[in-house]
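Novice: So the chains spell out like this:
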Amino acid sequence: MTIELKINGRPRRLEIEPGDMLVDVLRNAGYVEVKKGCDTGSCGVCTVLMNEAPILSCSTLAVKADGQEIITVKGIEKEATEFADFLTAEGADQCGFCAPGFALTVHSLIKENPSPNEEEIRHYLAGNLCRCSGYEGQLRAITKFVEAKK
Amino acid sequence: MSTQFTQVKHERAKIDGKGLILGRPAYTDDLAPKDALVVKLVRSTHAFAKIKKIDASKALELPGVECVLTHHDVPRVPITRAGQGHPEPSPKDKFLLDEYVRYPGDEVAVVAAVDEATARQAVELIKVEYEVLTPLLDMEAAETSDTVVHPEPEAYTMFPMGFEPKKNIAATYDMNIGDVDKVLSECDYTVERRYTTQAQAHAALEPHAAYCYYDLHSRVNIVSSTQNPFHTRRILGEVFEMPLRNIRVSKPRIGGGFGGKQQIHLELYAMLVTTKTGKSSKVVMSRKEVFESSFARHKMRLDIRLGSDKEGNLKAIDLQVLSDTGAYGEHALTVFTNCGSKSLPLYNKVEAVRFGGKIVYTNRTPAGAYRGYGAIQGNYALESAMSELAHKLGMDPAVLREKNMIAENETSDIFRIMGEGGEGVEMMIESCKLQYCLDRGRKMIDWNPKKLRSEVKDGKVRAKGMALAMQGSGIPLIDMGSATLELQDDGFFKLLIGATDIGTGSDTILAQIAAEELGVSSDDIVVYSSDTDRTPFDVGAYASSTTYVTGNAIIRAAQNMKKVLREAVAEKFGVDAEDIEFNGRELRIKDGSKSIGKMKDGTQSITLKEFSYDTLYHEGANMKTLAATGSFSGHVSPPPYMAGFCEIEVDLETGKVEVLDYVAVTDCGTPINPNLARIQVEGGLLQGIGMTLHEDVVLSSSGKMLSNNFMQYKIPSREDVGKLRVEFAESYDPTGPFGAKSVGEIGIDTPLAAISNALYNATGVRLTSLPLTPAKVLAAIESQK
Ligand code: FES
Ligand code: FES
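Top to bottom, those sequences are chains A and B.
Quick note: to get the working numbering, add 3 to the position in the first sequence (first position is 1).
Quick note: to get the working numbering, add 599 to the position in the second sequence (first position is 1).
So that you can see chain A by itself, here it is in the shape it has in the complex (with noise of 0.2 Å):
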């Protein structure tokens, strides 16, 4: 089947069958910046927008985004580009399999809770799992990319 949806932007039609999960579609179709790292919706590495609210792409049917407006991490490429400013000088990334979910859901975060404390933060993002950090140091990045975006 076809679904028919947009893409960062730009309209793209899909051959999927109906039992396919949409992280399995993005990447196939060239997302790569979709990362999977579980098949249970418990990392959050696959996470896109979608109609500008968080989901897990690895748990959301590709059908269901037939009509849809999915963003990945290259669709907020500015406003990535500069949060990794902020990651990198805190020394906060690592091997990076994370951060573009990671990227993503603090996008969302800032855009519902333009002053989220230290709480909000830590509650909003627990679906995003890291490996190598401790979350020191993202912790630090958002909290110093809040005060530069207000």
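FYI, nobody ran anything at the bench for these hints, they're computed from the structure.
Each residue gets a CB set at the ideal place from its N, CA and C atoms; glycine is no exception.
To give an idea of the chain B side of the interface with chain A (calculated C-beta under 7 Å), a few residues:
#: 1; residue: Lys617
#: 2; residue: Glu1281
#: 3; residue: Glu1318
Once you have looked at the hints, place chain B with the ligands on chain A.
Specialist: Same frame as chain A, but now just chain B with the ligands:
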């Protein structure tokens, strides 16, 4: 010793950081050829079985299925997948595919198909008939069990290590200094305790992946998420009986390793399919496969005895260990020896010390290398027992350690006796700031030995605990790294290194080291790493070796490069190379030397940039590429140290333990890039905290893994942890690159004992088996009432 650094000991953004955040194609699966056959493995559903029959006829009828390969189709060469140097200190007990399967998840057959869905479907259609055998799941029963995990006659070891497969013994080890029993019997205070540690999963977020293709020269190319391309190439050559010149192994970015990607896994099966079919292939593990069929930390039972006089002078330590290597013996012996060699020397003033035991096979997911590598288990037993001893002595546990810990210009016989599987090396400790770490840590956590426990409301108690730790910096006389520098037009340098950045930032910090030695900016160093065709040799990313071993190799390469530059400039101007100096920007005639005035047009210098164009474009018959290589293998392995302090909160109603604050004062010598060193420590701490509190590989009674996903096997989220406060001691190891020692593993070691000690201070009960789950903590509290 110079501490006037311009490049190292400075922050520098991780060079690949931004690219990774922006999601540029970087990891193995991002880069795999679109037309690659998708490879899937049929895996055993039994813990132990003999394969009677594999019927692949239905699968082969499926359109799009390229091949199904079983043990009948592959060479039968016993190997170890450990990914170690040569000769390997691990038993060669694994075949590409075998008629026996030894744990649930073991490889039965290999399927390749045109796409994911077809490959999946084919796997379902393959019928395997097993003769199910009684599995051995309990390491305690290994030696007496009727089950023999490795009945095959071909398994062997490359040197004697006590390998006795009939008794399920992968290796044994024993060492002894002095008369431990006698010294202990004369001690005023002794502690004797059994501790147990569980299997922990690495849980790197990128699942293991590999792809394979034939290049234009018809050579096999493997791209994989490996921590050690060179060892991987060697092992692949061994299994496929192929000259190494026909194989290239490289790695792109890696999404975390922690030792889990030191062992080779999928490379074997991608190469099998490509060599059989001539077509490109790729294989990516599902998360379930990563849990069940990669590797985990060795589960251990540690019996420790230690004793002191009335003043708290430690006199003897005895540590006897049983280690579970699971179905295959990767790293069985070396993790075991590290358990002693990287914990016991902390207290080097004892009169007697003994360490030994066995590493046994079971039908569990194989154990392998994992950050901490034995040291973490040994540290848990030692540092828990030290606090128990302090309690008996009525002494501040920090003071007991202070009295006994190793210091600069001291040594331990253990360094000489115990190496990685064989003998060790003599080593005088030239940098050890444990005293500072301890003092600073006490201050940061507000350590008051009289008040290590405090009540808070609602049935909650807070308490503090501490532990020390040491690790190593590479494997002396065994690990070798090398680097090549090459001058490019426009005056920058290519740095080619075999070292493998697995997400740690090593490419970044190694460029800083090269820049510091050359006197240039690290922006002028372009790094290319870990590709067997294109970079010089390096053992890879393990054993806390990259900063120390490869870092030292880079210093040598840079020193050679400066010499080559001076000589080339001297030749150009017909002057003496001794009279030329390089300041990072220009090559100039030394003040007062006899060559003054001999450069062209009476100038005293030429810029590196100008010279780079000259040597590559303007010198006619004299044009040449200027390059230099350096290699390093250490005579010693200077340990980094840490003092870890924590404050925890225990809910007496639920048994839940929370880490509110963790202070880790670290002596890693010079931190080459303090930010990246800090995040290495923080990441290590959190993995250690996860292991202490909840991470546990859990099996069913038949040996199937229950914790095979992130819901059952929880890794810490950002809500699960309080503050992590990392600081570095001012320290400089004269043998390290610009004073640096390793920092990758040390962070993981202290939480096990520090948190256990805090829990004891909170509740008065000593839990001796990890993890400290709420159920266990609650039961212990209840049993006390
Ligand atoms: S891949 Fe989607 S949550 Fe892990
Ligand atoms: S940086 Fe490796 S998982 Fe987050």
